[in-house]
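Visitor: This is what each chain is made of:
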Amino acid sequence: MISAITTEKIVKCLLSVTALISVAILFIIVIHIFINGVGVLDLQFLSDSPRRFEEGGIFPQIVGTLLLVAVCMAFAAPIGVASATYLVEYAPDGLVTKSIRFFVDCIAGIPSIVIGLFGLAFLVYYLGLGTSLISGGLALSFMILPWTIRVSEEAIKTVPCSYREASYALGASKWQTIRNVVLKNATPGIITGILLGTGKAMGETAVVLLTAGSGLESFLPESVLDPVGSLPVYLYIMATQGHTSAAYNRAYGAALVLILIFLGISVLAVFLRDHYRR
Amino acid sequence: MINTEKIIEMVLFLCAASSTLIVFFIVAFMFREGIFALAMGKDFIFGMEWNPSQDQFGIFPIIVSTFIVGLGSLLISASIGIPCAIYLAEFSPEWLRNIIKPSIEMLVGIPSIVLGFFGIMILVPLIRDLFGGTGESIFTGWIILSIMTLPHVIAISEDSIRTVPKTFKESSLAIGATHWQTIRKVILPYAHSGILASLVLGMGNAVGETMAVLMVIGNPNIPWIPQSVFEPVRVLTSTIVIEMGYAVWGSMHQHALFGIGVVLFLVVALLNGITMTFVRRRLEI
Amino acid sequence: MAKIEIKNLDVHYGDAHCLKGIDIEIQENKVTALIGPSGCGKTTFLRTLNRMNDISGADVKGEVILDGANIYDGLTDVISLRKRVGMVFQQPNPFPMSIFDNVAYGPKIHGIKDKTELSSIVEDSIKQAALWDDVGDRLNESALKLSGGQQQRLCIARTLAVNPEVVLFDEPCSALDPISTSKIEALIRELKKDYTIIIVTHNMQQAARISDFTAFFLMGVLIEFGETSKIFEKPECEKTEEYITGRFG
Numbered sequence: 018m019i020s021a022i023t024t025e026k027i028v029k030c031l032l033s034v035t036a037l038i039s040v041a042i043l044f045i046i047v048i049h050i051f052i053n054g055v056g057v058l059d060l061q062f063l064s065d066s067p068r069r070f071e072e073g074g075i076f077p078q079i080v081g082t083l084l085l086v087a088v089c090m091a092f093a094a095p096i097g098v099a100s101a102t103y104l105v106e107y108a109p110d111g112l113v114t115k116s117i118r119f120f121v122d123c124i125a126g127i128p129s130i131v132i133g134l135f136g137l138a139f140l141v142y143y144l145g146l147g148t149s150l151i152s153g154g155l156a157l158s159f160m161i162l163p164w165t166i167r168v169s170e171e172a173i174k175t176v177p178c179s180y181r182e183a184s185y186a187l188g189a190s191k192w193q194t195i196r197n198v199v200l201k202n203a204t205p206g207i208i209t210g211i212l213l214g215t216g217k218a219m220g221e222t223a224v225v226l227l228t229a230g231s232g233l234e235s236f237l238p239e240s241v242l243d244p245v246g247s248l249p250v251y252l253y254i255m256a257t258q259g260h261t262s263a264a265y266n267r268a269y270g271a272a273l274v275l276i277l278i279f280l281g282i283s284v285l286a287v288f289l290r291d292h293y294r295r
Numbered sequence: 003m004i005n006t007e008k009i010i011e012m013v014l015f016l017c018a019a020s021s022t023l024i025v026f027f028i029v030a031f032m033f034r035e036g037i038f039a040l041a042m043g044k045d046f047i048f049g050m051e052w053n054p055s056q057d058q059f060g061i062f063p064i065i066v067s068t069f070i071v072g073l074g075s076l077l078i079s080a081s082i083g084i085p086c087a088i089y090l091a092e093f094s095p096e097w098l099r100n101i102i103k104p105s106i107e108m109l110v111g112i113p114s115i116v117l118g119f120f121g122i123m124i125l126v127p128l129i130r131d132l133f134g135g136t137g138e139s140i141f142t143g144w145i146i147l148s149i150m151t152l153p154h155v156i157a158i159s160e161d162s163i164r165t166v167p168k169t170f171k172e173s174s175l176a177i178g179a180t181h182w183q184t185i186r187k188v189i190l191p192y193a194h195s196g197i198l199a200s201l202v203l204g205m206g207n208a209v210g211e212t213m214a215v216l217m218v219i220g221n222p223n224i225p226w227i228p229q230s231v232f233e234p235v236r237v238l239t240s241t242i243v244i245e246m247g248y249a250v251w252g253s254m255h256q257h258a259l260f261g262i263g264v265v266l267f268l269v270v271a272l273l274n275g276i277t278m279t280f281v282r283r284r285l286e287i
Numbered sequence: 136m137a138k139i140e141i142k143n144l145d146v147h148y149g150d151a152h153c154l155k156g157i158d159i160e161i162q163e164n165k166v167t168a169l170i171g172p173s174g175c176g177k178t179t180f181l182r183t184l185n186r187m188n189d190i191s192g193a194d195v196k197g198e199v200i201l202d203g204a205n206i207y208d209g210l211t212d213v214i215s216l217r218k219r220v221g222m223v224f225q226q227p228n229p230f231p232m233s234i235f236d237n238v239a240y241g242p243k244i245h246g247i248k249d250k251t252e253l254s255s256i257v258e259d260s261i262k263q264a265a266l267w268d269d270v271g272d273r274l275n276e277s278a279l280k281l282s283g284g285q286q287q288r289l290c291i292a293r294t295l296a297v298n299p300e301v302v303l304f305d306e307p308c309s310a311l312d313p314i315s316t317s318k319i320e321a322l323i324r325e326l327k328k329d330y331t332i333i334i335v336t337h338n339m340q341q342a343a344r345i346s347d348f349t350a351f352f353l354m355g356v357l358i359e360f361g362e363t364s365k366i367f368e369k370p371e372c373e374k375t376e377e378y379i380t381g382r383f384g
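In order, the protein sequences belong to chains V, Z and A.
In this text, residue positions in the first sequence follow our numbering: the first is 18, and each later residue adds one.
In this text, residue positions in the second sequence follow our numbering: the first is 3, and each later residue adds one.
In this text, residue positions in the third sequence follow our numbering: the first is 136, and each later residue adds one.
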């Protein structure tokens, strides 16, 4: 019979192994991509356009990803902040408010491929916007809206009630108080949250695949109605439809660029959050 | 002045209500496109043959495969994730926890497409070497999906364990129980609904996951109910992506794909709904 | 006529009956102190005077007549009311802005944009609050850097900047040290020359020191009201005497 104390030691050991595995996974993946991708990243790769499937660079894809995310946030950020402001500052306790919160949670739970399908049916075909920057950007904004609402809500809630009280006692109206005291103080948190949301939207493939473009575009869009390339879709095509090492190399390059942009955003967000805390 | 206030409140309300509008639109359009397939009823859901070129649209093998892939990945992430959560909540020193937790959270940040790519380049050849076949299989899908659901299972389970009131733990230790005995007999039972919630949520994520699983699961031309875990299969999400590219808009094929989308939507919604009930029950305790 | 006449004031918060049939008159340019044990309703009463209770959903019946007009008559604009009746809170709550911006907040909200005008209002208010010597040369610094007592005087300056007629103080010194407390007490004695002051306080010695009139509340009822000297030396009600002599509190 093993004593209880020995059992405990064994258990503690086993458990810590699982923690180790969980952390190791992250590092293995990132390091692997880094090693294989870093050799591909030269100036030419980053500034050239895709040519003949397996040659050329990913410039339009990088720009495309940034454009898609910009369009996405142009819609999701203001509506998110506005929704959050309403939910925290105005919404009375009751059925209407509960329903709104429920539906926001609903969107958050919808699989991204379904949002992509919706974008396809509604934006691309029903509204006739076609496979384009605007379709992709809007579809992404539907997906990321719960996130922007949530981070805005959290930022607004951290503004102390005493500030609001002081403002009202001075004779400020509700909107004056919200604009000058609440939103002003919530802005750092909102910006940080939206920045992180940008990172999430950037890596989203299924939605963009169905609404924005083929992925191998060698041109930049001239208007929002033009199709636009993106890094995730490019990566997808190179990885699944190119079977040569040239294609795989490019895929590694694209994957690395994605990870680097994402890391950059995370670092920027942490930096901003600490900066504002001072 | 008062009028401005009312206008602003109305505008903000409309923004907040837009979420409701979006959900209704999504539901409306999904059904609009998918209704033709769903109208086939039993033939669609329980049909065994998925062969668009022959106008056969049975998705039962695909549904079965989806659940096999989802459940298997859940078992793996639970086996690693729950012990890890216990370790983080009960055993690890604070400094270590502050290293491990962010690292695991960063895993969530890796786009699924990158994970799927990693799967293709490393996992698939590995499994091919070890177990034969093409390497693209249910088993590979299990591993990739478990990597994706692991952070969520860990985060929510750890949270549940931490919310167990200290007094329970202290009274158990005061009787002379060891730490592990306390965990097994007091803490885990109390936290079980939160942990279960994390698993159901993980299942929802796994079923709804598209890109990562798409790249490693095999996607044979004619899906069938798998006989071994090393066979390639189709899942609901991968079928949609693969075939949407060449399904003619307006054709039955396209409607069938939307029908799959509706089925997917409903399954995930159900799983999320179950999670919500668990969470509510936990908060009531 | 009194500055504020309160007639038959009844306040409910949900099922709780917080104030019962209050009748009282507040005299202009005097300091009126509200005393009583915790939960007696004195803060609720104070907040009725500038309708801050509206925000927390209180149900108010009765009349509060400021300069002849009932502020609960449905015609009163709450915003201009709060300009006339200002409030200083228990915990100093300056905005996370510069000292200047804190004091200028009120006037700006009410439409004053001219920079020279704002500057002179700010300087005037800070001087009235006996804070100019401390901060006159560093108005652009963050208000959060000030000490507790200084922050509270800043909040007073901020309130004075909108040029109120009445200033309500809700236990303004309870979070402060004795030296800051005496500074603020001296300030209140000065301010009553230009403003009508109503102060809620837990500290009976403070009430005795600085107020002209005192009202004693107990469980939502106004037990006794009168000149401070009389309340503290020869109270009419037994309960008043018991509270003042410390037999309960």
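Calculated from the structure, these hints are not laboratory results.
Note that the Cβ used here is the ideal one computed from N, Cα and C, for glycine as well.
Check the hints yourself; a few may be wrong.
Unchecked claim - Now the stretches of chain A that chain V is said to cover, found in silico as 3 or more residues with beta-carbon under 8 Å:
# : stretch
1 : 179-191
2 : 209-217
3 : 228-235
4 : 289-297
5 : 306-320
Unchecked claim - Straight-line alpha carbon distances no greater than 25 Å define the calculated BS3-like cross-link-like pairs of lysine-lysine that follow:
#  : chain 1 : residue 1 : chain 2 : residue 2
6  : V       : 174       : A       : 280
7  : A       : 196       : V       : 191
8  : A       : 250       : V       : 201
9  : Z       : 8         : V       : 174
10 : Z       : 8         : V       : 115
11 : Z       : 171       : V       : 29
12 : V       : 191       : A       : 327
13 : Z       : 8         : V       : 26
14 : Z       : 187       : V       : 29
15 : A       : 327       : A       : 165
16 : Z       : 168       : V       : 201
Visitor: Evaluate each hint against the coordinates.
Guide: Going through the hints against the structure:
1. 179-191: holds (count 3)
2. 209-217: Three-residue rule met by the stretch 209-217 of chain A, so holds; n is 4.
3. 228-235: Holds: 4 residues of the stretch 228-235 of chain A have a Cβ under 8 Å from chain V.
4. 289-297: It holds, with 4 qualifying residues against the three required.
5. 306-320: Result for this restraint: violated, n = 0.
6. V/174 - A/280: holds, 23 Å
7. A/196 - V/191: Satisfied, since the Cα-Cα distance of roughly 24 Å is no more than 25 Å.
8. A/250 - V/201: With a Cα-Cα distance of about 21 Å, the restraint between residue 250 of chain A and residue 201 of chain V holds, given a limit of 25 Å.
9. Z/8 - V/174: holds, 22 Å
10. Z/8 - V/115: holds, 21 Å
11. Z/171 - V/29: holds, 17 Å
12. V/191 - A/327: Cα-Cα ~30 Å, so violated.
13. Z/8 - V/26: violated, 65 Å
14. Z/187 - V/29: Holds, at roughly 16 Å.
15. A/327 - A/165: holds, 6 Å
16. Z/168 - V/201: Distance of about 39 Å is beyond 25 Å: violated.
Checked against the numbered hints above, the structure breaks hints 5, 12, 13, 16 and satisfies the rest.
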